[in-house]
Amino acid sequence: MTELATTPASADATASEHSMQQAINAALRTLLAEDPATLVFGEDVGRLGGVFRVTDGLQAEFGDQRVFDTPLAESGIVGLAVGLAMNGWRPVPELQFDGFAYPAVDQIVNQVARMHYRSRGAAPMPITLRLPSFGGIQAPEHHGESLEALFAHVPGLKVCSPSDPADAYRLLLQSVRADDPVVYLEPKARYWNRSPGALTEPDLPIGASRVVREGRHATLVAWGAMVHHCLRVAEFAAEDGVELEVLDLRWLKPIDTAGLTASVRRTGRVVVVHEAPLTAGLGGEIAALVQEHAFRDLRAPVQRVTGFDVPYPAGPLEPQYLPNADRVLLAVQRTLEF
Amino acid sequence: MTELATTPASADATASEHSMQQAINAALRTLLAEDPATLVFGEDVGRLGGVFRVTDGLQAEFGDQRVFDTPLAESGIVGLAVGLAMNGWRPVPELQFDGFAYPAVDQIVNQVARMHYRSRGAAPMPITLRLPSFGGIQAPEHHGESLEALFAHVPGLKVCSPSDPADAYRLLLQSVRADDPVVYLEPKARYWNRSPGALTEPDLPIGASRVVREGRHATLVAWGAMVHHCLRVAEFAAEDGVELEVLDLRWLKPIDTAGLTASVRRTGRVVVVHEAPLTAGLGGEIAALVQEHAFRDLRAPVQRVTGFDVPYPAGPLEPQYLPNADRVLLAVQRTLEF
Amino acid sequence: MHAEKTAQGIETGAGTLAPETLRTLYRHMLAARMLDGEAIALQRQGVFPAYVSLHGQEAAQVGSAAALDPEHDFAFPTYRELAVAVTMGVDLVGYLASHRALWHGGLYDPIASRFSCLNAVVGGPVPHAVGWALGERLRGGPGCAIAYFGDGASSEGDVHEAMNFAGVFGSPVVFFCQNNQWALSVPNSAQVAGGSIAARGAGYGMPGVTVDGQDVVAVFEATRAALERARAGGGPTVIEALTYRVNPHSTSDDAGRYRDPAEELRWRERDPLLLMRRALERDKHANADFFTDVEDRVRAECVRVRDEVSVLPPPDGSDMFAHVYREPTEELRRQHRVWRDEVEQ
Amino acid sequence: MHAEKTAQGIETGAGTLAPETLRTLYRHMLAARMLDGEAIALQRQGVFPAYVSLHGQEAAQVGSAAALDPEHDFAFPTYRELAVAVTMGVDLVGYLASHRALWHGGLYDPIASRFSCLNAVVGGPVPHAVGWALGERLRGGPGCAIAYFGDGASSEGDVHEAMNFAGVFGSPVVFFCQNNQWALSVPNSAQVAGGSIAARGAGYGMPGVTVDGQDVVAVFEATRAALERARAGGGPTVIEALTYRVNPHSTSDDAGRYRDPAEELRWRERDPLLLMRRALERDKHANADFFTDVEDRVRAECVRVRDEVSVLPPPDGSDMFAHVYREPTEELRRQHRVWRDEVEQ
Ligand SMILES: Cc1ncc(C[n+]2csc(CCOP(=O)(O)OP(=O)(O)O)c2C)c(N)n1
Ligand SMILES: Cc1ncc(C[n+]2csc(CCOP(=O)(O)OP(=O)(O)O)c2C)c(N)n1
Ligand SMILES: [Mg+2]
Ligand SMILES: [Mg+2]
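Chains as they are written, first to last, in UniProt numbering: chain A, 1 to 338; chain B, 1 to 338; chain C, 1 to 345; chain D, 1 to 345.
Since the hints were derived computationally from the structure, they do not count as laboratory data. Please note that the accuracy of each hint is not assured.
[Claimed, not checked] Covered stretches of chain C (in silico footprint by chain B; criterion: 3 or more residues with CB under 8 Å from a CB of chain B, positions within the stretch not fixed):
| # | segment |
| --- | --- |
| 1 | 97-110 |
| 2 | 131-140 |
| 3 | 177-184 |
| 4 | 329-337 |
[Unchecked claim] Far from chain B, some chain D residues (derived; all Cβ distances over 10 Å):
| # | residue |
| --- | --- |
| 5 | P19 |
| 6 | D69 |
| 7 | G105 |
| 8 | R257 |
| 9 | V303 |
| 10 | P315 |
| 11 | D319 |
| 12 | M320 |
[As the list claims (entries may be wrong)] Going by beta-carbon spacing under 8 Å, a handful of chain D positions derived as facing chain C:
| # | residue |
| --- | --- |
| 13 | I111 |
| 14 | A112 |
| 15 | E161 |
| 16 | N164 |
| 17 | P187 |
| 18 | A190 |
| 19 | G194 |
| 20 | G195 |
| 21 | G203 |
| 22 | V294 |
| 23 | D296 |
Backbone N, C-alpha and C fix where the C-beta goes; we use that ideal spot for every residue, glycine too.
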């Protein structure tokens, strides 16, 4: 791993422990400092520093030309980014919450994802769309959605989601520096959890997954907040002598088919865990890839443990909606006993 | 099958040959005639009768209160439908083309699909959203998209797509009469193809697939215009002694897992064919279901022959983008030789 | 600063309303104020995970809602319309259940209450009001719809599409904007090009009315006039009530990060309850007894609502599956069984 | 009928423009007219699968585009801006390649041409213009953006969001609406609440200008004034050019189903080329030789463009894969190989 070339702005980014909120904030600082074309904007990202304080202090440091509030209109925000990109800027817009990305879907799908293609490469779209995502914080309606399947289906986009602070830092640097549009899904439920590890330069290529725990009996595939969840499940399972490998997918488009297949070759069994509803979720894609590329290695059907096919529920029902440890363990058991 | 109770309005709907455009037109006539709460509206559906003439003559027959043009605003059209439904109407809005459904995604996902749930059943949404869909007509940009994966992922929606005129008639009656919101995807490429068969009442439950050709070597799974395509492929294959079963999925949410599994039990091999891009397309869901429910019956990985992960291309490239007969046959060969 | 542009012209209580009506308006405002206070307390006690206060906006909400025909009209709220719910007689326990996070849409019946589900999508419900109103006219019914939305919401495309549709269709709908000067941390000056949402009306060929949102009578009169026009076939109206969000955006927000507390203080001087109480006293429409009495009764009611909402049973997980469809799918039934076997226990 | 509301005040050619400039405007209009005719012919011959004619809108397009600073400004077209492309010197073979369906965005370079890709999403490119303009101001550049859109597009939420953003940011952008009276089959009366898109400007605190869209000089002057204002930091302007789509919506459309041919005839009398030619003749800015000569030259150019676009090679399927990303993914490379193996042959 390359050590981070610290700028004064991101000095405390090298401290040994960070929350993901701090790590993303530090990454934005690094990016704003290193490239004067980078712009951060969205609803309440300026003076307030974002509802999750992810952009805290950036306006004070980089000025209200580089970091600014927009009116409350998601399609307008993304459309603005397209025009800025066409004029040579590197926009990093935030949409305030997952469920409020829907009004911007037209601009994202029909414009951001296609302008490079439509223009035969003349108009690159180096836009990174930050989207606080997923559930787990008992929030109001529309504040707990998982949109990865929607975006992963769109040609021209790349999609990633970090699972811990250090990786959040690396993935954001990589996303913003890339000249292709990236949707960067931030797991809200992990914003405040601190973990040790220096904030360093990206060390893996775009699209690479990570094995975050090795195991030999089955592979748990996850991203975002579900990675931490799967690590806990793996600890429970280890008490019973079941060694689960946990694969942090990181990139949801492109998907690391090689990494996935390699893990399945080792374990022969897969459980995909995601928060989004089951039907037509990304778990389907992963199951399809696994059975396609590792058919003979697969000793049991790929299991999917996901949110149910119901609209994201209110607070008290959230733990009953999200894949809980029991459901994952039962799926592991099913795959082991198949 | 029940015979259609013909109304004067749909008299020629019982003629022996129809195009899908005529069949859908006849279904709308039947629906407008049988339930005074039914409303048809959208861009250019009134005086013009729709850009595909699917609503031709309806305004003249039912008046401009029941069949009307709206301003050019897709989110507004769907939002209008929500309010109309809350006031007791049965809206059948049209969005002019697949690619112009994106501006309405927020109203579809956050409102149409959830109002029944949000209101704990107090506010049903008997809305059928008609969406001319898919490619194959060498049309301009945004006129060849496949949105089934997006909609199938949304809890609260149902999604279907007919493959022939008679089924288009039945599926539309069923969709509009249902008290749940349905997205009805019309394969534009099949609008003008005539086929024999009386227009009759729905005879299968919501969610049921149909085997449109029996075979024993492998199952082709398709919907919309790809069904016809697969039938042709099956004829080619038959010349070489390969008997392909063709399953017309019809409902993309809910998916007929039982029908799918039954077919796989018979053939042991599956090729899914769809126009949408591969990654996170509905083919992934189908592969996941098949391997989950028929793991031991499956003799080769489920193959997916789909559009490429590129934005839908312009006319001359369309045949190179869409799953052509060769690609399907090669996939069949791969699955047979696995 | 746009917060200064409040229309200060009208003195609350001036007008032709019966004293009885004026006292009712006051009572609704007081009920909303006190219930709002209870809700904030419940949030502090951890009963509500979060809450959005309408403190300061009582006159705008009560004045507009009181003008509705409770039998025939229909309101489309956002997430901040507690005082509208109070005025329309919505089941407040069911309403606050949403803030207790028991069920996103609350536990009241939106159709029976003629008050749509709470809606957190800023701008999203505005086209619904236009659809409802069009549907009413198509059937020849007498009802009007009212769409509540904020100054921030006015920036959303849906609000424009809705206004244009309403203008084209001549639908009986009132677009009621509570301009409380702030959309979370963003002031009007960085939100509303031109500075006036009422002024947008002209662009759609409909009247745009600016009203002092601290003056419940002025709001009532403006809304009543707009509803009368709509009911008579005169089409839609935009009303912009200039008011103020005295509290932070929500209990999770820290308004100190973006606005001057002095501004809050200035607006507290124009507290709508204070203004109305002064007017009632001045015009001798209410005496000390009335205020003691109404406070007692309202407090008792608030305590009942608070207690009841606090002890509502948590929702049953089965409800997640029960309300997705009118006709559930086989796959959802299967998932319901999975939930029963693997989650419920 | 809204088609009647054309501003008929200004006589084309009146003004302070140099004769040279006036002749250039005429030449661009003629070039667009003739190329449009060639395109229609190519569609009839089956070379183009479909085509959208701008016949009748030449003055609105040429007048506005000619006012742009070709070095610094940037235009965001819809799908009907052939005459803008002509005026801005866009590679017309590359432009028409889009109508031959060789590549959706055409084969010209939108950045080098300062003319964005053709865009079929009605309303969609309007916010792009605002973003481009904001970006220009952030860097201190002198450029302005111009967003072209139709009367139908004005109903889309994106147009509202864009206007509000531009107003709030004070961006140097001109919202140029060609109100050609029809959005496919829907007339203004069923599309534009209030009847005027220019009138919307006031709601955003920006000037809204209605101009006779058949009068190229009037359009030029109005656009030049708006651009000057924007360049000087005065912010955005809405211009509504009243014009007419003389032909059906596209070659696939049958206008006889929804409008009176008499209306078309009335507008043909105000043909912008005719008006301009009369004015040039009246003011002795051009003689018969000029018209013969310009027609010859323009015709030759049109023939060249027509011939070149007709023989452009079809796109290579590889291009589908080449342009998706700047940095292609491994998976896309794999699919490219599948295409090569299973499709190309
Ligand atoms: C479509 C959408 N985008 C973003 C949000 C997040 N959000 C919630 S409230 C709010 C500010 C709303 O301001 P305003 O419309 O003025 O209403 P107020 O809160 O002042 O009552 C924002 C940005 C949302 N709820 N919906
Ligand atoms: C978002 C969107 N919805 C629908 C369409 C289909 N459509 C293409 S052109 C058109 C009418 C556009 O009218 P207007 O904006 O007035 O432009 P004009 O065609 O008159 O130049 C429609 C409905 C589209 N292209 N984009
Ligand atoms: Mg506000
Ligand atoms: Mg038009």
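Okay, the hints, checked on the actual structure:
1. Here the segment 97-110 of chain C counts 6 residues with a CB under 8 Å from a CB of chain B, which clears the bar of 3, and the coverage holds.
2. Evaluation of the coverage hint for the segment 131-140 of chain C: fulfilled, as 8 residues show C-beta separations to chain B shorter than 8 Å, against a requirement of three.
3. With a cut-off of 8 Å between beta carbons, the segment 177-184 of chain C has 0 residues touching chain B; three or more are needed, and the interface restraint is violated.
4. Requiring three or more residues with a Cβ within less than 8 Å of a Cβ of chain B, the coverage given for the segment 329-337 of chain C holds, as 4 such residues are present.
5. Against the 10 Å criterion, P19 of chain D stays outside the reach of chain B, whose nearest CB is about 40 Å from its own CB.
6. In this structure D69 of chain D is separated from chain B by more than 10 Å, as the shortest Cβ-Cβ distance comes to about 29 Å.
7. Against the 10 Å criterion, G105 of chain D falls within the reach of chain B, whose nearest CB is about 8 Å from its own CB.
8. Listed as outside the interface, R257 of chain D is inconsistent with that label: its C-beta sits roughly 5 Å from the nearest C-beta of chain B, within the 10 Å cut-off.
9. Against chain B, the non-interface label of V303 of chain D holds: every CB pair exceeds 10 Å, the least being about 24 Å.
10. A cut-off of 10 Å between C-beta atoms contradicts the statement that P315 of chain D is not in contact with chain B; the least separation is 6 Å.
11. Annotated as non-interface, D319 of chain D brings its C-beta within 10 Å of a C-beta of chain B; the closest such distance is 8 Å.
12. Interface exclusion of M320 of chain D from chain B breaks down, the closest Cβ pair being 5 Å apart, not more than 10 Å.
13. The interface hint given for I111 of chain D is violated, since its Cβ lies 27 Å from the closest Cβ of chain C, which is over the 8 Å cut-off.
14. At a threshold of 8 Å, the smallest CB-CB gap from A112 of chain D to chain C is about 32 Å, leaving the interface hint violated.
15. Interface hint status for E161 of chain D: upheld, as the beta-carbon distance to the closest one in chain C is roughly 5 Å, under 8 Å.
16. For N164 of chain D, the shortest C-beta to C-beta distance to chain C is roughly 5 Å, which falls under 8 Å, so the interface hint holds.
17. Because the closest C-beta pair between P187 of chain D and chain C is about 11 Å apart, greater than 8 Å, the hint is violated.
18. The interface hint given for A190 of chain D holds, since its Cβ lies 6 Å from the closest Cβ of chain C, which is under the 8 Å cut-off.
19. Taking 8 Å as the C-beta contact cut-off toward chain C, the hint placing G194 of chain D at the interface holds, the least distance being around 3 Å.
20. Hint on G195 of chain D holds. Least Cβ distance to chain C is approximately 6 Å, under the 8 Å limit.
21. For G203 of chain D, the suggested interface contact is upheld, since its CB lies about 4 Å from the closest CB of chain C, less than 8 Å.
22. The beta carbon of V294 of chain D comes no nearer than 41 Å to any beta carbon in chain C, farther than 8 Å, and the hint placing it at the interface is violated.
23. Hint on D296 of chain D is violated. Least Cβ distance to chain C is approximately 47 Å, over the 8 Å limit.
Checked against the numbered hints given earlier, this structure breaks hints 3, 7, 8, 10, 11, 12, 13, 14, 17, 22, 23; the rest are met.
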